[in-house]
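Starting from the given sequences, assemble the full structure and let the hints guide the process.
2 protein chains.
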Amino acid sequence: MLKTNAFDAATSGNIPAESVAMIERRRRLLGPAYQLFYKNPVHLVRGEGVWVYDAEGRRYLDVYNNVPSVGHCHPHVLEALVRQASTLNTHTRYLHENVLNFAEKLLSTMPAELSQVMFTCTGSEANDLALRIAEDFTGGTGVIVTEFSYHGMTKAIAGLSASMGPYVKVNGDARVIPAPIHHPADPAQVGKKFANDIRAALADMRRHGIKPAALMIDTFFTSDGGFFDPAGFLQEAIDVVHDAGALYIADEVQPGYGRSGEHWWGFQRHGVLPDIVSLGKPMGNGHPMAGITIQPHILERFGNESSYFNTFGGNTVSSAVGLAVLEVIEQENLIPSVGRAGKAILEGISALAERFPAIGSVRGAGLFVSVDFMTADGAPDSITALAVVNALREEGVLIGASGPHANILKIRPPLVFTAEHSQILVSALENVLSKMF
Amino acid sequence: MLKTNAFDAATSGNIPAESVAMIERRRRLLGPAYQLFYKNPVHLVRGEGVWVYDAEGRRYLDVYNNVPSVGHCHPHVLEALVRQASTLNTHTRYLHENVLNFAEKLLSTMPAELSQVMFTCTGSEANDLALRIAEDFTGGTGVIVTEFSYHGMTKAIAGLSASMGPYVKVNGDARVIPAPIHHPADPAQVGKKFANDIRAALADMRRHGIKPAALMIDTFFTSDGGFFDPAGFLQEAIDVVHDAGALYIADEVQPGYGRSGEHWWGFQRHGVLPDIVSLGKPMGNGHPMAGITIQPHILERFGNESSYFNTFGGNTVSSAVGLAVLEVIEQENLIPSVGRAGKAILEGISALAERFPAIGSVRGAGLFVSVDFMTADGAPDSITALAVVNALREEGVLIGASGPHANILKIRPPLVFTAEHSQILVSALENVLSKMF
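Chains R and W, in that order, are what the protein sequence lines are. In terms of full-length UniProt numbering, the first sequence opens at residue 1 and continues consecutively. In terms of full-length UniProt numbering, the second sequence opens at residue 1 and continues consecutively.
These are computed hints drawn from the structure, not numbers from a lab. Incorrect hints may have been included.
Same chains, same names: a pair is fine if it fits in one copy or spans any two.
To be verified - With a cut-off of at most 30 Å between alpha-carbon atoms, the simulated DSS-like pairs for lysine-lysine come out as follows:
1) K211 to K192
2) K39 to K105
3) K192 to K343
4) K211 to K193
5) K343 to K435
6) K155 to K169
Listed below in structure tokens is the structure:
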């Protein structure tokens, strides 16, 4: 998964000498794990709102980055960062209002049952902590994840990230089930099948003497390719998990923070209540911060016995930044605006799908939209998808591909993306497809 | 370990009403895992250099915090943060000079063999990544750690942090050995015994069919209580580890970044060469960043096959901040200054030890100094140590205690602490001890 759209010297485009030198320097200093995007990697130097600029001053519409959630270099977030970083930056073992004000504001966006929060620095750490708590609470070790899941990079969580490829082993007590594939012809079967797949996984755990601990899923199945419909389809699955004594961990690192354009949190689309919610990327608009929210009875024993501490998590600066991001989402009324921009993308690309048969399904929730590319005989078409990704880069639009076959355009821009930006995206895609077909 | 010096409502001092309200709010919002320092917790609002200020404007000498390594709110670091955060904050999959300039500068402080670096956000993530690479390179799963080790909070690394107490299980394939206890009467035996303990652990792994992967140690055995002498004592241990086909992971989260006052890195005190070095706390002067440096042949396969990526690690802002911290250490010539300040602490407290028999051993390397408190019959005296910690807080000095018996004063201030600040610390300690004895 993670090598989708990776630069490869063997198949690279016509790259400027300056980029060649930087790529060589990266390889030497950072080693082989560091990947670059695009056949012709982008050298960015500046960002503002939904726009980023390269070293030649060329402007790109950012349709890829969900981390700068309220827009690159948002002045309100910047002001909070500067103010607090120039005053005091300390951990949570001294009293300070910032972590409390941020915690209170964040929790106010959640269902009342999720009334406590703990802070980490990365979504990987958030999921790792959620896993530790779930194992502690249930006494189980079995975790159910989807086929092309991605939940992070710690040793324990890499073992629950089935998208990492054959080299990274899935945890032996974990069970991998199919993602709830989009099925517009028979929407009722999506949730039914997903729940049945969970029943089968639980039965298989029982056969192997594994006690179940949790279902850990990205609410929008982001790395699996993006599956959103029908709203509410998760309910039966969650009931099955709870009946088995296991917890439901909602990985909201990508679906959360208003991305659905309907609610603050992706799980609200399905009317379900998680036991633990993990948070990450958009929380700090780029500042490294993440965390979990949790129902207190689940945290009680672990919190008392295990004395978790995260040096940087919830520090005075991170808390100021996190609060500022929530304020922007509220003050700029971003959630309905996300809904409008997302609808414009869906409508625009659905219209293109009628003209370009290479486009299969188009689906989304707010500013997370997935566009499948398919061959004439109905197979996933990663060649076209990656050609589109690279052609859009040349057109001035940064975008990525995802899914187990790397054939799915992944559209998840900053939340300040408006319907006007959606039009720019749709036009660029139309240009690219017109040249290709 | 982590509850050493924790606030406890049952034994608390006379706490201002404002603090009581904040403590209640913390418990409600953050749950039971969050600990506060001191019987009377400190409410800090501002920091500058080695000084922090509480809400009443009272000033405290910061002898505890190694995270604000070049001093609270250092202007050069702040300027780098503001400049880059207001320009562009993106991940490492686009080309950008910052991560390369930072990587190059950081690696220039390391032995030539450690020529590649990967960036994470926390020391926990750094040790977790080091572990994954060591297991991959060796094919082993056995890790040797010390009795009261602390390496971080991910599930895998909490299982290698023996100081976490009985509730957090040590990984079944890990082996726990005694720390290399200070032995001024027979310094030669320190390294010999430590190497023999490793030989025994390796033999026990063989008996259990566990293939060894690594020795993971904090170079200064920080959480074990601080053991530094004699310089060079680690060499035999590392040879034993390498002879067994395992790697030496140097946890330099606390000993690194010039803290020894002699070298950039703690392991240089012992003349040994790690296979992987993990870095954390001081890297960003409070900005959440960490990483590993590594010998390229060890990273090669893992890096190519496992496609590690850390969303925030090495981003444009973190890299700018990290570079600025290294520049300050160099431009302000902090390493020799750390050596002078540390020597003044050692000498001052050694003189106090002659007057106050409660002080047992005083030992250190640069600005990491350990002071054991012992009872009259030679047992570890945590009651006195914690009384001193709380009394120093009232005297305007922030400090902590550590070690398996919580009887060891832990002195590890910001690196801009000078010999003049050392005198303030020594005088405050003299005052406190004079009142107590």
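Among the hints numbered above, which are violated by the structure, and what are their numbers in rising order? none
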